Every structure is written in structure tokens, then in C-alpha cells.
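Participant: Chains as they are written, first to last, in my numbering: chain A, 1 to 238; chain B, 1 to 299.
Please note: incorrect hints may appear among the correct ones.
Looking from chain B toward chain A, a few residues come up when the C-beta cut is under 7 Å (computed) [said to hold, decoys possible]: (1) Asp125; (2) Pro128; (3) Pro130; (4) Ile133; (5) Thr170; (6) Leu171; (7) Ala178; (8) Glu187; (9) Leu188; (10) Thr224; (11) Leu242; (12) Gly245.
Part of the chain A face toward chain B, derived, beta carbon under 10 Å [unchecked claim]: (13) Arg231; (14) Ala234; (15) Ala235; (16) Leu237.
FYI, nobody ran anything at the bench for these hints, they're computed from the structure.
These numbers were taken from a predicted model, which means no experiment stands behind them.
We put the beta carbon where it would ideally sit given N, CA and C, even for glycine.
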Amino acid sequence: MLRVEDLHAGYGASEVLTGTTLQVKKGTLVALIGANGAGKTTTMRAISGGLRPSRGKVILDGVEVQGMDASRIARAGLAHSPEGRKVFGPLSVEDNLLLGAYTRLPRFFGYGAKAQVDLDRVYELFPRLRDRSKQASGTLSGGEQQMLAIGRALMARPKVMLLDEPSMGLAPVIVQEVFRTIRRLKEEGITLLLVEQFAKSALEVADYAYVMEHGRIAVEGTPAELGRDERVLAAYLG
Amino acid sequence: MNAAIIGQMAISGALMGLVYALIAYGFQLTYATSKSINFGQGELVMLSAFFSLTLTNLGLTHWGLGLSYALMIPGGLLFGALMGLVVERAGVRLALEQKSEGWILLTIIIGLFFFSAAENIWGRDDRPFPTPISADPIHVLGVDVTRLELSVAVGVFAIMGLIELFKRRTLLGKAFEAVAADRDAAELMGISATRTVMLSYGLSGAVAALAGILVSPITTVGPTMASALILKAFSVAVVAGLDSGFGVVLVGMFLGVLESLASYYVGSGWREAPGLILLILALALRPTGVFGKATIRKV
Chain A
1 MLRVEDLHAG
11 YGASEVLTGT
21 TLQVKKGTLV
31 ALIGANGAGK
41 TTTMRAISGG
51 LRPSRGKVIL
61 DGVEVQGMDA
71 SRIARAGLAH
81 SPEGRKVFGP
91 LSVEDNLLLG
101 AYTRLPRFFG
111 YGAKAQVDLD
121 RVYELFPRLR
131 DRSKQASGTL
141 SGGEQQMLAI
151 GRALMARPKV
161 MLLDEPSMGL
171 APVIVQEVFR
181 TIRRLKEEGI
191 TLLLVEQFAK
201 SALEVADYAY
211 VMEHGRIAVE
221 GTPAELGRDE
231 RVLAAYLG
Chain B
1 MNAAIIGQMA
11 ISGALMGLVY
21 ALIAYGFQLT
31 YATSKSINFG
41 QGELVMLSAF
51 FSLTLTNLGL
61 THWGLGLSYA
71 LMIPGGLLFG
81 ALMGLVVERA
91 GVRLALEQKS
101 EGWILLTIII
111 GLFFFSAAEN
121 IWGRDDRPFP
131 TPISADPIHV
141 LGVDVTRLEL
151 SVAVGVFAIM
161 GLIELFKRRT
171 LLGKAFEAVA
181 ADRDAAELMG
191 ISATRTVMLS
201 YGLSGAVAAL
211 AGILVSPITT
221 VGPTMASALI
231 LKAFSVAVVA
241 GLDSGFGVVL
251 VGMFLGVLES
261 LASYYVGSGW
271 REAPGLILLI
281 LALALRPTGV
291 FGKATIRKV
């Protein structure tokens with residue numbers, strides 16, 4: 001469903017990604033782990049168009065999307081829940097969710113009715129968002145904002161969802177909740193690429209995983225395989 | 001001191017202040033989506049006023065004044081919106097893509113073009129703007145106002161209300177707010193930031209055109225008609241804060257009142273002073289504006 005081939009990207013003169021190749025098959029959850037600064041978030045941004053790759057391909061459901069504006073890639077079926085959550089603080093929770101489905105909804109009127117099914121689904125997944133639907137999203141707690149960011153990405157009914165550091169800066173209890181949610185998304189058959197600091201938890205839910213080092217994939221395999229790899233064990237799972 | 005005279009001055013000052021507020025609101029629209037403003041906005045006001053004058057005169061050869069004036073308004077607004085798009089395309093987009101501040105100079109230059117164009121097409125003289133709205137004073141609560149002055153207030157509140165309604169009630173409007181809040185995150189939703197910036201410049205142009213249409217029958221139309229207006233609109237935008245929403249209305253009316261009192265008590269030569277003093281005070285004491293939101297970053 002999503003294929004990344006020999007991706008190069010960076011900021012100005014410094015190249016962060018030096019040939020990343022990975023693949024996410026339909027209906028699977030793939031984890032991307034690695035140390036800080038290895039290029040995980042840069043990979044996500046290069047896939048979703050926040051950063052223009054200098055070389056390589058990003059193929060989404062058979063369509064080459066590298067070099068397109070982020071908004072076009074989103075319309076092609078990619079939803080990216082970014083690092084730091086990036087909810088629209090002044091807008092209400094419900095407005096944030098509606099904007100998640102922006103590409104599928106009428107621009108002026110009647111969008112609420114058309115999005116109702118998806119809204120109900122997200123509210124069922126995150127009942128706390130329903131309680132706060134009229135509240136400005138900037139006033140939510142970090143955990144709630146993360147739920148909102150995931151819900152917003154779900155609203156798009158994406159072909160592939162990128163989830164960047166969903167546990168960042170959250171209390172341990174909330175992190176557990178986030179992982180329960182991720183497991184549930186997986187059960188619903190959503191195709192997911194997950195970037196995580198908590199390598200152990202990520203490998204517990206993933207079908208397949210890539211370990212990044214210095215801007216490229218160093219090791220890859222199923223979680224079981226990686227669990228037997230001594231280097232991976234020492235560096236990330238110790 | 002005569003209370004009636006003070007009331008009179010305050011009312012006409014406040015109504016003029018609403019025009020400053022309207023132009024300042026136009027600054028806010030583009031600042032919200034792109035953190036840029038059109039420094040040639042005054043010329044856009046003026047050019048749209050001239051265009052609207054020509055439309056009205058054209059209409060007069062076929063119909064009466066009332067109908068010509070009514071038909072001119074949408075035409076004038078459309079022209080302003082188009083010119084706003086021209087400014088965005090020619091002066092702002094490339095600069096923003098390169099993350100440079102080049103739009104400052106470019107929008108000033110486009111303004112100068114507009115100025116020369118107006119001088120060449122319509123000449124340098126100030127011309128009266130015909131209007132069907134009566135300039136005879138009516139008595140309200142002890143002060144005299146004209147219907148013409150009241151039409152300014154109606155026009156200002158109507159367009160600001162419509163645009164705010166658009167932003168809150170339609171999905172496109174919410175997308176506008178999303179780009180204002182976080183451009184990159186909005187792009188991830190499939191919202192084109194470029195198109196949203198275009199939309200904001202179009203709206204800002206229409207707002208500038210309406211300011212020209214509203215004020216012209218009271219002042220006159222001429223190439224330099226907006227130079228004083230724009231300076232004060234800019235003061236209002238900065239004093240209120242470029243993200244203050246309706247804050248500009250209060251500050252605009254306050255400045256308008258202050259101006260007309262200053263010209264009455266100190267002398268008409270001092271009319272421009274309060275705006276400039278307010279601007280200096282605001283920049284020195286509260287750069288985010290009286291109603292502006294101090295930026296708080298969560299880390």
C-alpha cells in the first residue's frame with residue numbers, strides 16, 4: 001500500500017535521509033524505531049510532503065506522490081498524525097475532527113451531516129472527545145490532544161495512516177491507553193506506519209519493523225526476528 | 001464646553017473610525033493565513049474606488065442613480081477581490097515560498113503601480129462620487145447624523161459579520177482558521193495553504209474595495225485619497241493587534257473620536273497626530289496589540 005524507495009531528504013545542505021527504503025502492506029502495522037536523530041520523523045515528513053525529498057520514490061497505492069504538496073498527498077489517501085500532535089488549538093474538538101475529513105466533505109454547508117457517521121465512530125473510540133466536542137482543542141490535556149490527533153487522521157478514512165510519536169510527553173498510564181488504541185486501529189484493519197521512542201511497546205503491536213540508524217534502515221524484520229537480534233536487543237530493547 | 005458639540009464630533013469621528021477598522025480588518029485577514037500584509041492596500045482602496053466610480057457613471061447612462069449605485073457595489077467588490085489576487089500572485093506568493101520578507105517591498109511597488117495607473121487613467125483631480133443616499137442630517141439622541149454616515153456603519157458591520165459567519169459556519173471557513181492556526185498541519189488535512197492564502201487576499205481586496213466605496217461619497221475620489229486613511233488603518237491594526245478580530249472596531253472608533261476631538265480642540269492641523277502617537281505607544285509598550293494574543297508556546 002505504501003512503498004518508500006531509496007529516499008533522500010534533508011534540511012538545507014545537511015542530508016538526514018540517505019537512502020531509506022521501506023514498505024507497508026495493506027492492513028498491517030509497521031513500526032519504525034531508532035534513536036533520537038536517526039531520521040524517523042524526517043522519513044514521515046518526507047512521505048507526507050512536509051519535506052520535499054531530493055531523491056527516491058514514495059508510492060502510495062500505486063501512485064508516485066514524492067514532490068507533491070502535502071495537501072495533494074493527503075487527498076491521495078494519506079493521513080499523517082504529526083509529531084507534537086499539532087491540533088488546531090483555537091478551533092473546537094469537533095471542528096478539528098471535521099477538518100480531518102476535509103477532502104471528503106462539501107466545502108460550504110451540509111458537511112456536518114455527511115461526517116456524522118465518522119464523527120460517531122471517533123467519539124465511540126474516544127468518548128472523552130465527545131464530552132469536549134465544543135471545547136477549544138488547545139485547552140485539552142496532552143493525552144486528549146493525542147486522541148484528537150489520531151481521531152482527526154481517522155476521519156479522513158485514509159489508505160495509510162502515519163502515526164508519529166503518539167506517546168511523546170505523556171504520562172505512563174496515558175501511554176498505555178494510546179497503545180490500546182493503536183491495537184484497536186490495527187484490529188479494524190487500518191494500514192499504519194508507527195514511529196515510536198518506546199521500541200518495546202511498538203514491537204509488541206507491530207507486524208513488521210524497521211530500525212533506523214543515521215538516515216537509513218539498519219535492520220528490519222518481524223518483531224520476533226528483531227527480538228533475537230543481539231544488536232537491536234542491546235541498543236533498543238535493553 | 002458644549003456637550004452637544006462634543007457628542008457630534010464623537011459620532012462623526014467614530015463613524016470615520018469604522019472605515020479605519022474595516023481596512024485594518026483587511027490586514028488581519030491576510031496576516032492570519034500568511035503572516036503577510038499588503039503595504040499597498042491604500043492604493044487598492046483608491047483604485048477600487050475609481051473603478052466603482054466609473055461603473056456608477058456607466059450605469060447612469062442607462063438607469064437612475066439608485067440602481068446604478070446598487071449594481072456597482074458587487075462589481076466594485078469583485079474588482080477589489082481580483083486586485084487582491086493580483087497582489088498575492090505578483091507580490092506575495094514567491095516571497096513566501098522562499099521564506100523571504102520580499103513581500104514588503106513588492107507590495108509597496110505594486111501599490112505604486114496602482115497609483116500611476118490611476119493617475120494615468122483617471123487623472124490627478126479629486127472627483128465627487130455620486131450616491132443615492134441622502135446627506136441631510138437626521139436627529140438621533142441629540143446629535144445630527146446623515147444617512148450617508150450611517151451607511152458606512154451598516155456596510156462595515158455587514159461585511160465583517162458576513163466574513164466572520166463564513167469563517168465559523170462553513171467548512172472552507174474553518175479550513176481558513178486551520179491554516180491560520182497551523183499551516184503545516186492544515187496541509188496534512190488536504191487543505192491547500194496556497195489556495196487559502198489566495199482566498200484571504202481576495203477577501204482582503206473586497207474589504208478594501210468596500211472601504212473605498214463607503215468613504216468616497218463622503219470624502220471624494222482621487223489618487224491620494226487613501227494615503228492618510230491607510231496610515232491610520234495601519235495604526236489601528238497594530239494598536240489592536242493583527243490577530244485581534246473585532247478589537248479593531250473598538251480601536252478604530254476610539255482613534256476616530258480622538259482625531260475629531262483633537263482637530264476641534266487643538267486645531268485641524270493636529271488631526272493626524274493621535275494615530276501616530278498611538279502607533280508609537282503601541283509599538284513601544286505592547287507590540288502584540290491591546291487585544292492581541294501574546295504567543296504562548298507549549299513545549
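Participant: Hint by hint, say whether it matches the structure.
Facilitator: Hints, verified against the model:
no.	hint	verdict
1	Asp125	44 Å, violated
2	Pro128	40 Å, violated
3	Pro130	36 Å, violated
4	Ile133	32 Å, violated
5	Thr170	5 Å, holds
6	Leu171	4 Å, holds
7	Ala178	5 Å, holds
8	Glu187	4 Å, holds
9	Leu188	5 Å, holds
10	Thr224	39 Å, violated
11	Leu242	15 Å, violated
12	Gly245	11 Å, violated
13	Arg231	33 Å, violated
14	Ala234	31 Å, violated
15	Ala235	27 Å, violated
16	Leu237	29 Å, violated
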